Amino acid sequence: MTELLQIENLTKKFDNQVILDGINLSIQKGEVLVLVGSSGCGKSTLLRCINGLEEIQNGTVKLEGKEVKYGDKNLPLIRQKIGMVFQSYELFPHLNVIDNLMLAPMKVQKRNKEEERKEAIELLRTVGLEEKAEQFPRQLSGGQKQRVAILRTLLMHPDILLFDEVTAALDPEMVREVLDVMLNLAKQGRTMIIVTHEMQFAKAVADRIVFIDDGKIAEEATPEQFFEQPKTERAKQFLNVFSFEKIKVNGI
Amino acid sequence: MNWEFIEKYLPMYREAAVLTVVIGSIGIAFAILIGLICAMVLYHKVPVAKHIVNGYVELSRNTPLLAQLFFLYYGFPKIGINLNAELCGVAGLAFLGGSYMSEAFRSGLEAVDKIQEESALSLGMTKYQVMKYVVLPEAISISIPAFIANIIFLLKETSVFSAISLMDLMFTAKDLIGLYYKTTESLFLLVIFYLLIILPVSVIGSLVERRLRYAGFGN
Numbered sequence: 068m069t070e071l072l073q074i075e076n077l078t079k080k081f082d083n084q085v086i087l088d089g090i091n092l093s094i095q096k097g098e099v100l101v102l103v104g105s106s107g108c109g110k111s112t113l114l115r116c117i118n119g120l121e122e123i124q125n126g127t128v129k130l131e132g133k134e135v136k137y138g139d140k141n142l143p144l145i146r147q148k149i150g151m152v153f154q155s156y157e158l159f160p161h162l163n164v165i166d167n168l169m170l171a172p173m174k175v176q177k178r179n180k181e182e183e184r185k186e187a188i189e190l191l192r193t194v195g196l197e198e199k200a201e202q203f204p205r206q207l208s209g210g211q212k213q214r215v216a217i218l219r220t221l222l223m224h225p226d227i228l229l230f231d232e233v234t235a236a237l238d239p240e241m242v243r244e245v246l247d248v249m250l251n252l253a254k255q256g257r258t259m260i261i262v263t264h265e266m267q268f269a270k271a272v273a274d275r276i277v278f279i280d281d282g283k284i285a286e287e288a289t290p291e292q293f294f295e296q297p298k299t300e301r302a303k304q305f306l307n308v309f310s311f312e313k314i315k316v317n318g319i
Numbered sequence: 433m434n435w436e437f438i439e440k441y442l443p444m445y446r447e448a449a450v451l452t453v454v455i456g457s458i459g460i461a462f463a464i465l466i467g468l469i470c471a472m473v474l475y476h477k478v479p480v481a482k483h484i485v486n487g488y489v490e491l492s493r494n495t496p497l498l499a500q501l502f503f504l505y506y507g508f509p510k511i512g513i514n515l516n517a518e519l520c521g522v523a524g525l526a527f528l529g530g531s532y533m534s535e536a537f538r539s540g541l542e543a544v545d546k547i548q549e550e551s552a553l554s555l556g557m558t559k560y561q562v563m564k565y566v567v568l569p570e571a572i573s574i575s576i577p578a579f580i581a582n583i584i585f586l587l588k589e590t591s592v593f594s595a596i597s598l599m600d601l602m603f604t605a606k607d608l609i610g611l612y613y614k615t616t617e618s619l620f621l622l623v624i625f626y627l628l629i630i631l632p633v634s635v636i637g638s639l640v641e642r643r644l645r646y647a648g649f650g651n
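Those protein sequences? They're chains A and B, same order as listed. Residues 68 to 319 (the working numbering) make up the first sequence, in order. Residues 433 to 651 (the working numbering) make up the second sequence, in order.
It is worth saying that the hints were derived from the structure and are not from the lab. Careful, some of the hints might be misleading.
To be verified - To spell it out: a stretch of chain A is covered by chain B in this simulated footprint if at least three of its residues, at any positions, have a beta carbon under 8 Å from a beta carbon of chain B; those stretches are:
#1 138-147
#2 151-160
#3 170-181
#4 218-227
All values reported here derive from a predicted model rather than from experimental measurement. Glycine included, C-beta positions come from ideal geometry on N, C-alpha and C.
So here's chain A without its partners, still in its complex pose:
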């Protein structure tokens, strides 16, 4: 396996508050990495740094040796290789589904319109949304919007996909349809970094779990290790939040 993404000593501060504190992480090609941690621990910020959406105070992020640097003029070029899906979908409301999918490939990569359209329709078919091609985002459910948003990044043929709590805004019954799409992508051997609170899903999809606490990597392990035998006290506390087995029922 070859190393795709390399993060060295990444430090991010907002004003004087340290959000990420010397993160070192590297991802192999085809690996699925899941970032977990309590809210505000910095995991979403880490994803944003990988996409160059945040200015960092120290350290580097490199994709195949090329630096991802906030404000750099080559950033748009590198970003084409880094797909990102947001919690709030962020489809373009003035464009219908097919135009949402085709905008960036057409304008950024100047690809052939006919081929692009074919590919977009084909992708829509794989997630069962081909009949929604001409509809506008507001006519779709949250789960449908998020699936379209995932396809939109896929159409750019990225090397790595970043998922920032993509099911957090969804109704429970729509979570599954989005997670299934992501599981399929993982099976296809895509390189992915996923921030999620869906622990069952994390267990199923991850090759490696990275537990972030207070801006630092507190634990790195296989899903089996992490969920069955977490090493750190913080990870144990964190996982207990998701477990109902140990809740004491008083007087009922």
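Knowing the structure of chain A, use the given hints to seat chain B on it.
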């Protein structure tokens, strides 16, 4: 109501209406252009230019159009700039409308979520492409109701053109009242012609607004 009088002077009103519409549309077109440029300057917080724009907006919004027109028509010749009444009308309307359009458009730009921009950036678009294909179209759609309200407001404001001897609708009505004392008929025609000009804009405006509401806005 003297219908003979109305019939006789109808062509005169028609001519005046054409003048109102022509000067109004040219003035409004420039107002939109000025508004777009000013809004971009404010949105991107361009140094120095943003202060100039802010000064212009305050000056333009807090002085009456009549005063602005007098300035152009009677004041400018004193410093050697002679504009005819038509040009003064266009310039005055553009000066007044530019600030209103700027405010409408700026609020549209600011209503586009930052994260929309980020999602477009994350697809590899340059800042220019993000503005052109994502932020601008969304901002324009959001500001359309305010745009249309401004257009109607500016069309109505053209009625002060008569004060610089532009033979617009108001001028014609005042003229006829002065000449023949046919107040009822003259004012009747005046109202009808203003309605003929402005009502279609209103109707088209609400149709466009409704279309926007149903064709994809509200994420």
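Verification of the hints:
1. 138-147: Our answer is that it holds, as 4 residues pass the Cβ test (under 8 Å) against chain B, meeting three.
2. 151-160: With 8 residues close enough to chain B, the hint holds.
3. 170-181: Held - the segment 170-181 of chain A has 5 residues with a Cβ nearer than 8 Å to chain B, which meets the minimum of three.
4. 218-227: holds (count 3)
Going through the hint list in order, the structure satisfies each hint without exception.
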